[in-house]
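K.L.:
Sequence:
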Amino acid sequence: MQRKASKSKKARRVFTKYSQRERNRARRHQLEIARVIQSLCGPVGLEELKKQGMYTRSRIWNRRISRSDWRSIARILEGRLGEARVEELDPYGSSSYCSKCGWENRDLNGADVFVCGGCGLRLDRQLNAAINLYMRMRFGYVVKWVGGRKRVELRMEGASRVAWWDAVVLPSLVGGCVLTGAERSDPDEPVRGLHDAVRLKLHYAYDRYADAYLRIPT
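Going by the UniProt record's numbering, the letters in the sequence shown line up with residues 1 to 218, in that order.
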């Protein structure tokens, strides 16, 4: 489209107009997202994403990556909350590590559901990654290389990861999600896992007097 617009002065003017309109629309979305995060969260942890390692042979994919602007949301949050309350985290392995026991699933292959071969946890892959990132922000972490492979380990200072997960994460998941009505062959049969029992659900409302988003109990 840019090549076509370059051949005509009128086309260039129209292209510039709508490009600016699109940038303004994207900026409004970024401000809205930052406002929701600021209203609902205390300290904020964000993935430290780098575009250099995301490019592939696909022109369409590369164009989408080059136009993405994750840093803008981070800069907005840093300006509103202060750099001390916004932390960029190493995202390596956040989707493949079990947030409950730390077991690594190397065979995800783009699956939407994370299944742990250690403790049996079955959870939405993105939710599992978000919990891992939260734990890295809360406890801190170290990066190690084992057998030529990178590994990110939490600094839990001897505390039981499974016990903490059951005491802190599990109640928040059940309280912040809704039952999906997973099918069971017997009324007393437990569902197979959290992924079958709950679905993410977040409600919030905008208070125009306080200029903030308020959480609505579910």
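Hints are supplied without guarantee of correctness; some may be wrong.
Unchecked claim - Using 30 Å as the maximum straight-line C-alpha spacing, the simulated DSBU-like pairs for lysine-lysine come out as follows:
hint: 1; residue 1: Lys50; residue 2: Lys144
hint: 2; residue 1: Lys144; residue 2: Lys51
hint: 3; residue 1: Lys50; residue 2: Lys150
hint: 4; residue 1: Lys9; residue 2: Lys51
hint: 5; residue 1: Lys51; residue 2: Lys150
Hints in this document: simulated from the structure, not taken from any laboratory.
Since we're looking at a predicted model, the values are computed, not measured.
K.L.:
For a quick check of understanding: which of the numbered hints are violated here, in increasing order?
P.N.:
Per hint list: single violation, 4.
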